[in-house]
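Protein chains in written order, with the numbering used here: chain B, 6 to 340; chain Z, 18 to 709.
None of these hints come from the bench; they were simulated from the model.
Here the structure is a predicted model, which means the values were calculated and not measured.
Check the hints yourself; a few may be wrong.
[Claimed, not checked] Computed list of lysine-lysine pairs in DSS-like fashion (alpha-carbon distance at most 25 Å, straight line):
#, chain 1, residue 1, chain 2, residue 2
1, B, Lys41, B, Lys52
2, B, Lys295, B, Lys279
3, B, Lys338, Z, Lys513
4, Z, Lys669, Z, Lys697
5, Z, Lys45, B, Lys295
6, Z, Lys579, Z, Lys473
7, Z, Lys513, Z, Lys320
8, Z, Lys433, Z, Lys84
9, B, Lys163, Z, Lys248
10, Z, Lys433, B, Lys163
11, B, Lys49, B, Lys60
12, Z, Lys303, Z, Lys433
13, Z, Lys45, B, Lys338
14, B, Lys15, B, Lys41
15, B, Lys49, B, Lys15
16, Z, Lys557, Z, Lys513
17, Z, Lys607, Z, Lys513
18, B, Lys15, B, Lys60
19, B, Lys338, Z, Lys433
20, B, Lys25, B, Lys49
21, Z, Lys45, B, Lys279
22, Z, Lys45, B, Lys277
23, B, Lys41, B, Lys25
24, Z, Lys45, Z, Lys303
[What the hints assert, rightly or not] For each label pair, taking beta carbons as the anchor points, the in silico distance ranges come out as:
#, chain 1, residue 1, chain 2, residue 2, range
25, Z, Glu599, B, Arg275, 55 to 63 Å
26, B, Gly298, Z, Asp92, 28 to 36 Å
27, B, Glu245, Z, Asp614, 54 to 62 Å
Beta carbons are placed, not taken as given, at the ideal position from N, Cα and C, and that holds for glycine.
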Amino acid sequence: MNERLEAIRKAAAQDWERIKDRVELEMARVRHMGRKSELNELLKGLKERAEEERKHIGPQLQNLRRELEEGFDRAIRAVSSTGERLSNIDVTAPGRRRTRGHVHPLTQASIRINDIFASMGFQILEGPEVETPFHNFDALNIPADHPARAMMDTFWVKGDEPLLMRTHTSPMQIRYLQKHQPPLRIIVPGRVYRNEATDATHEFQFHQIEGLMVSRQGDHAVSLANLKGVLLHFFRTYFEDEHMQVRFNASYFPFTEPSVEVFIQGTKGRLKGKWIEVAGAGMVHQNVFKAVGYVAGEFQGFAFGMALERVVMLKHRIDDIRLFQGGDIRFLKQF
Amino acid sequence: MKFDYQWIQELSGIDTPAQEAASLLNAKACETEDLGDGLFDCDILPNRPDLLSHVGLARELAALSGKQFNGPDSDALASGQGSVSVHIEDGSACTRYSGLIVRGVRVGPSPEWLRNRLERVGVGSVNNVVDVVNYLMLEIGQPMHAFDLARLSGGIVVRRAKRGERLVALDDARTEYELDEDTLVIADDSGPVAIAGIKGGVTTAVSEDTRDVFLEAAVFDSSIVRAGSTKLGLRTDASVRFSYGVSTGLPLIALMRAAAMLTELAGGTADAQAVDAYPKPWHPVKLTVSTAYTGSLLGADIKVNDMVAILSRLGFSVHASDHTLEVSVPQWRLDIERQEDLVEEIGRVHGYNEIEAVPPVVHAYDERSWVRDDEDVPWDEYGHIRERQNFMRLLASDGFSEVYNYAFYSDELVDKLGLDHLHELALPQSSHYRWLRTSLVPRLLLVVRDNLRFEKNVRLMETGHVFDHLGGLESTRLALATVGPGTGEDRFYELKGAVDHLAAELGITDLWFDDAEPFFADAAVLALTARGRCANIKDKNGKMLGFIGQVAPNAAASLRIKHAGAVVELDLRALVRHAQAEREYEPLPKYPAVERDISMFVSDEVRVRQILEAIHAADEAGLVRDVDVMDIFVPTGDEKLAPEYSRHEYGKSIAVRIVFRSDERTLTDEEVTVVEDTIKRALQDRVDARVR
Numbered sequence: 006m007n008e009r010l011e012a013i014r015k016a017a018a019q020d021w022e023r024i025k026d027r028v029e030l031e032m033a034r035v036r037h038m039g040r041k042s043e044l045n046e047l048l049k050g051l052k053e054r055a056e057e058e059r060k061h062i063g064p065q066l067q068n069l070r071r072e073l074e075e076g077f078d079r080a081i082r083a084v085s086s087t088g089e090r091l092s093n094i095d096v097t098a099p100g101r102r103r104t105r106g107h108v109h110p111l112t113q114a115s116i117r118i119n120d121i122f123a124s125m126g127f128q129i130l131e132g133p134e135v136e137t138p139f140h141n142f143d144a145l146n147i148p149a150d151h152p153a154r155a156m157m158d159t160f161w162v163k164g165d166e167p168l169l170m171r172t173h174t175s176p177m178q179i180r181y182l183q184k185h186q187p188p189l190r191i192i193v194p195g196r197v198y199r200n201e202a203t204d205a206t207h208e209f210q211f212h213q214i215e216g217l218m219v220s221r222q223g224d225h226a227v228s229l230a231n232l233k234g235v236l237l238h239f240f241r242t243y244f245e246d247e248h249m250q251v252r253f254n255a256s257y258f259p260f261t262e263p264s265v266e267v268f269i270q271g272t273k274g275r276l277k278g279k280w281i282e283v284a285g286a287g288m289v290h291q292n293v294f295k296a297v298g299y300v301a302g303e304f305q306g307f308a309f310g311m312a313l314e315r316v317v318m319l320k321h322r323i324d325d326i327r328l329f330q331g332g333d334i335r336f337l338k339q340f
Numbered sequence: 018m019k020f021d022y023q024w025i026q027e028l029s030g031i032d033t034p035a036q037e038a039a040s041l042l043n044a045k046a047c048e049t050e051d052l053g054d055g056l057f058d059c060d061i062l063p064n065r066p067d068l069l070s071h072v073g074l075a076r077e078l079a080a081l082s083g084k085q086f087n088g089p090d091s092d093a094l095a096s097g098q099g100s101v102s103v104h105i106e107d108g109s110a111c112t113r114y115s116g117l118i119v120r121g122v123r124v125g126p127s128p129e130w131l132r133n134r135l136e137r138v139g140v141g142s143v144n145n146v147v148d149v150v151n152y153l154m155l156e157i158g159q160p161m162h163a164f165d166l167a168r169l170s171g172g173i174v175v176r177r178a179k180r181g182e183r184l185v186a187l188d189d190a191r192t193e194y195e196l197d198e199d200t201l202v203i204a205d206d207s208g209p210v211a212i213a214g215i216k217g218g219v220t221t222a223v224s225e226d227t228r229d230v231f232l233e234a235a236v237f238d239s240s241i242v243r244a245g246s247t248k249l250g251l252r253t254d255a256s257v258r259f260s261y262g263v264s265t266g267l268p269l270i271a272l273m274r275a276a277a278m279l280t281e282l283a284g285g286t287a288d289a290q291a292v293d294a295y296p297k298p299w300h301p302v303k304l305t306v307s308t309a310y311t312g313s314l315l316g317a318d319i320k321v322n323d324m325v326a327i328l329s330r331l332g333f334s335v336h337a338s339d340h341t342l343e344v345s346v347p348q349w350r351l352d353i354e355r356q357e358d359l360v361e362e363i364g365r366v367h368g369y370n371e372i373e374a375v376p377p378v379v380h381a382y383d384e385r386s387w388v389r390d391d392e393d394v395p396w397d398e399y400g401h402i403r404e405r406q407n408f409m410r411l412l413a414s415d416g417f418s419e420v421y422n423y424a425f426y427s428d429e430l431v432d433k434l435g436l437d438h439l440h441e442l443a444l445p446q447s448s449h450y451r452w453l454r455t456s457l458v459p460r461l462l463l464v465v466r467d468n469l470r471f472e473k474n475v476r477l478m479e480t481g482h483v484f485d486h487l488g489g490l491e492s493t494r495l496a497l498a499t500v501g502p503g504t505g506e507d508r509f510y511e512l513k514g515a516v517d518h519l520a521a522e523l524g525i526t527d528l529w530f531d532d533a534e535p536f537f538a539d540a541a542v543l544a545l546t547a548r549g550r551c552a553n554i555k556d557k558n559g560k561m562l563g564f565i566g567q568v569a570p571n572a573a574a575s576l577r578i579k580h581a582g583a584v585v586e587l588d589l590r591a592l593v594r595h596a597q598a599e600r601e602y603e604p605l606p607k608y609p610a611v612e613r614d615i616s617m618f619v620s621d622e623v624r625v626r627q628i629l630e631a632i633h634a635a636d637e638a639g640l641v642r643d644v645d646v647m648d649i650f651v652p653t654g655d656e657k658l659a660p661e662y663s664r665h666e667y668g669k670s671i672a673v674r675i676v677f678r679s680d681e682r683t684l685t686d687e688e689v690t691v692v693e694d695t696i697k698r699a700l701q702d703r704v705d706a707r708v709r
């Protein structure tokens, strides 16, 4: 036994002496003192020996282990101290800080949302915020006496020409369709205005994300099932929840037929287990195609609109929409 | 609107539990809240007036549950000559006016079951006659009105009110309404007796003394009722229903039921025939639906048999042929006008949840074929949007935080800055948000001020549209503001540094700050900045990129900003164009550069720009590659007494570092010294510098 211990001692001492590299030294430590080392085997075998023997060998083994540890510590310190040494600094003191600004959470969200849709081949566009009633209403199948006009609480601009602050981003459907031939797919983020009382969930100025995808009728024509697919992919990516579900409820909008309300349900966090309304959508009404001069019955497609603030509030658990406007720096700094 | 689910169950024979029925309605018909105790609150969609009654919802629920609906008695009363004459002046405003006389009624309280039924959905009991009228409105959806026959003089005329006509309404307050041509009225020989579809008048109301009743069941145009209701500020159960739309199929059914109920509950005797003005009788809408198109629009494979079954249960009569369905629309479905409306019926009843999400099949890119490419478009595309967002990230790393502001100026701001020619909202939220902004700067400064409570140095930025000219491509701007302790000059140069950084990032090499008037800035920005401390920002071709200025102390004071500040406003589209311009490769230098520093005293008026011009002008061989201003020292009063300054009356000391380099050879010290001396002489000659 003594010879075995001596051999272990000698081999280790040689390595501690010889090795000048941290990594190799660590490997040597494992070899001499690790779980599979001879020393460890001996220590583990102790309890199977007779008590007499144990009393005798036990302390020897413990001494040897201590000796090896001390030798290793010396060796590793010797290796570590190579390189130039300077006086100590307080590495726990704070780093020097540069004044950092913050990109608004709505901009950050918008960048991400644009990226997701751009990755699906959607064009991203922004349109004017002051609109004509033709683009904002008439062309979207909302004639002058339609109740939806009254419901949208429009800010009209004084002047000879009838102009208004757009109440939704849908006028860009009209502007884009007027100048392009399908197939096409676009996303229109932008600011919209509604003359309604402000509270924790209502603002008279907020942002929408409009989507429009149109194809010819016939094979592979854009369908409601495609709308579900595109929105499912979007929401799963944006909320980083690959099992998120999307549901449609029956609804009504003048510029879509059929029309649906879009709900999402997450599988984690605050969105877990409940259906939350996030968007309005549907298949583009044929009267809209008519208004932009398309031949009736040649095209079909989907459109959707959602409030950017709503999505961002869900994502970041913000409970007051008014925080987005007016720029309280204590709010902005959190993003 | 409140509905009694027990009542709906009675009418439909459905035994579905309330919660289940509510979720069925939610998914497929209308937003429904189960209030408990068998009561529903339903938010009926604007295109579904047929659901504004218990029969309507019963029919819908039966169809959604896959059951055939057998409604209550829907026989219509016969019509003929009544003893009251009816004349409709405007056939588009009133599409049907039916009336029935019930004689010898005893007006009194209603039985308990009737009172309960009304009260459960929030309608107060009045008397047996009024209660029957309200009951039938709730049950089948036909609003009616009961007149005291004895108090009507002459025949009924449905017409527009004349300006100045008045009517005291049958409400608790007995409000008197002044009417005009925008409102439709029911009139007798004496004048208006009711506001059509909205409210009856007091003079002809049913009272305890009433013996004979004239019941009106009419259909008024939804727009005219909506307009009248809005104008008079009067919303009633009837006006809500007419605003949605009422089917012309209902009046005679309602009168038939009313006759029976009044006979039973008030002991009256109804005439055998109703008077019925019905200028354009209904013809069913017939539509052809392509089954392939239905499947294509929904993106689902629905069997033709299922399509037929769904439509039949909803009350459509359907004839299926090879690829199409011939559909006849029932009278109560005012919303069904085209093929797609039927696709929606099939889709929602089949269940949108049954429709699987399918990724669209697309071309990798759209050819973006322009119908018309001869015009500019009033929108920005992705490249612009992305560049702008990059600017924000860059400026954030420079310490600026982005804010979003309201797009309107307040009266106070417009007044303080003396602005005019602004566009104005017709009906603003308040005087705080009346005028369309033409610059981002004013509100940005106000937000800066508000944040000075929380931070010593406030640096904010904003991008957005401004409204200088309307009805086309709107200008988009980027504004920066910095406010805090220290001098305004410091703030000015801080912002100038931020602009330089941004410009360098965009590859704009020759940004130029020009303080020669005129200044091309918005009136609001000019009002907020100090002359002598502002400049137009231009690119090397002299194109305007924006404006920079120190906040004028007076303006700061009037906005209650206690510190010095500076602002910049840039034209985003001009910046983006630069950002997107291609950068041309410049060969890497082959020979080393030589640097020389020159320090000089110059008078206060000499500007850095003049010094740079002098240096470049003297460099005929083209060896000067870069000039950096290292230091500008402007002595204060005491320092001016120092011998160096007092002797020469020079205002400031400037140090520059000049980089010399040739593309053809390594420059010798002697060569460089020759050019350096030329430059020094030029500085003496041109800006009267005393080179140290």
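Straight-line alpha-carbon gap Lys25 of chain B to Lys49 of chain B, limit 25 Å:
At roughly 31 Å apart (the allowed maximum being 25 Å), Lys49 of chain B and Lys25 of chain B break the hint.
Pairwise hint evaluation, Lys277 of chain B against Lys45 of chain Z, where the allowed Cα distance is 25 Å at most:
holds (23 Å)
For the pair supplied as a hint, Lys338 of chain B and Lys513 of chain Z, confirm whether the alpha-carbon distance does not exceed 25 Å.
holds (24 Å)
Starting from Lys41 of chain B, check that the Cα of Lys52 of chain B is at most 25 Å away, please.
holds (17 Å)
Look at the Cβ atoms of Glu599 of chain Z and Arg275 of chain B and judge whether their distance stays inside 55 to 63 Å.
violated (47 Å)
Would you mind confirming whether the straight-line C-alpha gap from Lys513 of chain Z to Lys320 of chain Z stays at or under 25 Å?
violated (69 Å)
When you check the alpha-carbon spacing of Lys338 of chain B and Lys433 of chain Z, does it fall within 25 Å?
Not OK: Lys338 of chain B and Lys433 of chain Z at ~31 Å, beyond 25 Å, violated.
Decide if the proposed pair is consistent with the structure: Lys49 of chain B and Lys60 of chain B, CA atoms, cutoff 25 Å inclusive.
This hinted pair holds, its Cα atoms lying about 14 Å apart.
Does the alpha-carbon distance linking Lys607 of chain Z and Lys513 of chain Z stay inside the 25 Å limit?
Violated, at about 33 Å.
Taking only the CA atoms, is the gap from Lys433 of chain Z to Lys84 of chain Z under or equal to 25 Å?
Violated, because 70 Å separates the two Cα atoms, which is more than 25 Å.
Indicate whether the distance between the beta carbons of Gly298 of chain B and Asp92 of chain Z respects the range 28 to 36 Å.
violated (49 Å)
For a C-alpha distance cap of 25 Å, please report whether Lys163 of chain B and Lys248 of chain Z respect it.
holds (21 Å)
Violation of the numbered hints given earlier is confined to hints 2, 5, 7, 8, 12, 13, 17, 19, 20, 25, 26; the remaining hints are satisfied by the structure.
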